[in-house]
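Participant: Here are the chains, one letter per residue:
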Amino acid sequence: MLLSQVVNGLSQGSLYALVAIGFVIIFGTMNLVTFAHGEVYMIGAFVGYFALGVYHLPWPVALAAGMAAAFGVGSLIEKTAFRPLRGTGHMPPLLITIGLSIMLKDLAVVIFGAENRPVPSVYETTIEVASVPVSVLQLVILGLSGALVVALRLLLQSTKIGRAMRATAQDHEAAYAMGVNVHRVFNIAFALASALGGAAGVMVGIYYNTVYPAMGSTAGLKGFAACVFGGLTSVPGAILGGLIIGVVENLTVQFVASGYRDVAAFVVMVLILLLRPQGLLGKRLRAA
Amino acid sequence: MGLHAFVPRRENSLLWGGALAAALLLPAVLRSEYVLNIAVLAGIYVILAASLNITNGYTGLFSFGHAAFYGIGAYTAAILATRLGWGFALTLPAAGVAAALVGAALALITVRLSGIFLALVTIGFQEITFLVTLNWIALTRGPMGIPGVPPPALGGYELRGNTGYYYVILALDVLTLFVVARVATSRVGRAFVAIREDELAAQASGLPTFRLKVLAFVIATFFAGLAGAFFAHHARFVSADSFRLDETFVILTMLIVGGLGSFLGPIIGAVALVILPEVSRGLVEYRGVAYGLVLIAAILFRPQGIAGVPGIIQPRGLLARAAAGEELAG
Amino acid sequence: MMTRQFPLLTRALSLAVLALAASAPVAWSADPIHIGLSAPLTGNYAEYGQLFQRAIDLGVEWINASGGVRGRPIGIIVGDSRADPKEAAAIAQKFTSDSRIVAEIGDFSSTACLAAQPIYDRAGMVQLSPTASHPGFAPGSPWSFSIVGTQAGEGPFMARYAVQTLAKKRLAVLHINNDWGIVSKDLFIKAAREMGADVIAVESYFETDKDFTGVLTKLRGQKPELLYIPSFYNEAALINRQREKLGWTDVTMMGPGSLYSPKLLEIGGDSVNGLYTSAAFFPKDPRPEVQKFVKGFEAKYKATPNMFAAVAYDTVNLLAVVIAKAGTDRKAIRDELAKVRDYPGVTGKITFTERRDVVKEYRQLVIRNGDFTLYDK
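Residue numbers (our numbering), protein chains in the order written: chain A, 1 to 288; chain B, 1001 to 1330; chain C, 2001 to 2377.
Check before you lean on any hint, since a few could be wrong.
Some chain B residues judged to face chain A by a derived CB distance under 8 Å, without partners named [stated by the list, open to error]:
{"no.": "1", "residue": "W1086"}
{"no.": "2", "residue": "I1109"}
{"no.": "3", "residue": "L1120"}
{"no.": "4", "residue": "G1124"}
{"no.": "5", "residue": "V1289"}
{"no.": "6", "residue": "P1303"}
{"no.": "7", "residue": "I1306"}
Hints are computed from structural coordinates only; laboratory data are not their basis. Just so it is clear, CB atoms sit at the ideal spot from N, CA and C, and this is done for glycine as well.
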């Protein structure tokens, strides 16, 4: 029972982690918070649904399509909404993301309709590991999340743009003064974060066999909760946070009450913020 | 002198008196119950935006939990009214005090955090409050909500039409705005602004910044609680889904579009953003899209808000100035 | 004078006039009679509000095509409430201030209906909800009516199905944590216990949850024979999918009529085979009014209607019948509505009790081979 719940928690947690990493990238590089991440995730999920469910393309293609769409939307948002407000602090960009969130959610209902769409199953089989049912899909998702994180790390460590991102995260004024095209870096960072969100959306759609316009609402909040484990700037911290929250939620369901599931995530978040705001693995983005 | 600096003072008291008189005569002009209802709603949001302005505007704190205090006020009033039979005259202050007590407790634990950390912790508090309200069935009836809250009554005469409610909310607005104006122009208000502008410097110059920040929360949450009590007796049915993070966003956007840190800002923002969704009902399914677009446009073109303090949102840093002026090569 | 001398001519002339009149298109010389519709057209419950709107539009189309009510067409004025109590109240203010509107249909959720109730009550306008099942709603005001049938009827029906028909003794419940879910759970459990069953576990989920693996794992540990799930069809589909993924196949699944929808099959796939449910509205019901509705809905919207569409369809037709008898005075409509007896709705016979809700009849259903079928045994 305990082990089952832990497995459940790790699967859900890996999806939270992907969303959380997106936030960390945005906050770490641009020092901004976005409340529209859930909607970018939803757009990715819908594109993935169309690719997989309507055009019957293989799921890796659907994943790529969802990520590409989210990347594009993210880049557009950054260019039109964040760039003009460069340097005006936290509030105005945050407000814009609130406006975007409202707009995109309702636009999705207008364009896609309000109903849940059925996403076809991928990897239906369930295996038994130590008498705990684990679905192959859960393993694939864990693997994929891991792969995306490794890819991200490679990007940050070994590519020119990655180095530019790290420099910008450390001190964007200095980076600018040194000739780094900070505007481009911000745009790519935001788009990249959005692509990760889109990936999470596609995987959630496949995992739960459904996508719908309101699906982004809670994803964003849980993503925030996960970020704080990394002091908002550490990618490994965000991953750890996502996994921990997933597990804590399921253990709460098992040992406390199902109604308090979400409370657990937020209580943990508040405790970390109060007791250790730099997070459990509080390091800066550059060392991630 | 810009809109942002407009505060009731002896010099412009004629203007404010005129505004008050106009407000008093409004029901005679507006005649329709439906339009009066919108006026009442605007009145509630004026209190909510103006009180949020104390923490988020004047003091520069990022509180995202305001709807939770609104809810605490509403539930306090509803519970006292339906279980103990208290009238509005008693539930109103009780609601304010309850919200302020929780606000003080929250502030004591959290104001040492700043910026995004404070924002996240208040979001966490907001969500936790919502979920606890939903689950604590013995106290709040959970998802069933609390129906049957009686309207305010004066000597046996119960408020029936919206005209009565309008005058009550107008009175509450005057009270709130009076307090806000006094605070804004007092030493405490200037201390709040000093904290917003540069907290370290404020500390260095001897201001008790911790206590001041807690005070800001207490004032803000007290008035949010009052608004909640009014809501309970007006809507007469209280349920947790009226007080979620979305509602905090509504109040925050009113404040920011109207103008953070100014006296007129919350008033303008509340009125504008209550009227907008009502008049755009004709857009039906595009209403939300239009609302979002208006918000985005408002922030892009006037980030400090309609009546906001221009300096509050000044592009800082050479990067920002570059974005505002020159273009980067490549 | 001429008519007496030429009776045949007169008859021919009369017939000719009648024929001409019948073939002319109906030109409305009168204003429409307006009915307000308050429902979530955007937001988290948009799916259900849009179903209301579609079913009502279909009903109105047919009513108007056959001459309208008292020679006037019906017009629907729509307000998007997002199932938000505050919006529903604002719309109520709008509708009651509009003298053209004679009655209101809505809202979807009980909390929205309850928030709007004092306004319709004070202004004196019928508030006819297709789906409000909060037991305090309809009795709360003489102007409030609900036709979905409270759980006071469906709960015991489902309990009988589970305990007596299917002979299950160890029951568990997983319900949505809103007012409808709580009432459904309470009434089911009460009836089931009275029939001698053991309810060994009760868990809830929050309306936006989509991951049930935690709570399903917990319930599985209690080894119930039957799991009753008062939920909407989207979540029910997910619950079943995840139950299958967990490999928990030795439990009987059952849910109330809210599950009745083609979407349950679409999203749930194979995992919902063997699920027991009920319906007051069943598209395969041979009654002519049901078939007419189902065929018309499918033709117009390319989808089979579910219970939510059906109840909305009944509300507008019911109002049309009542207005035809009582006229357009708001109070007269209310009084006539309260007297409705045995109206043949597609969701069954509608008779309002003195509490202004309806006692419905249900059918036992089960899903076999990817389709809803009547349970026979």
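Participant: Each hint should be assessed against the structure and marked as holding or not.
Facilitator: Cross-check of the supplied hints:
For W1086 (chain B), the shortest C-beta to C-beta distance to chain A is roughly 29 Å, which exceeds 8 Å, and the interface hint is violated. At a threshold of 8 Å, the smallest CB-CB gap from I1109 (chain B) to chain A is about 6 Å, leaving the interface hint in force. Checking L1120 (chain B) against chain A by beta carbon gives a least distance of about 6 Å; that is within 8 Å, so the hint holds. For G1124 (chain B), the interface hint holds, since its Cβ comes within 8 Å of a Cβ in chain A; the closest pair sits about 4 Å apart.
Taken as an interface hint, V1289 (chain B) checks out: its beta carbon lies about 5 Å from the nearest beta carbon of chain A, inside 8 Å. For P1303 (chain B), the shortest C-beta to C-beta distance to chain A is roughly 4 Å, which falls under 8 Å, so the interface hint holds. The criterion of a C-beta within 8 Å of any C-beta in chain A is not met by I1306 (chain B), whose closest approach is roughly 14 Å, and the hint is violated.
Taken one by one, the earlier hints fail for this structure at numbers 1, 7, listed in ascending order.
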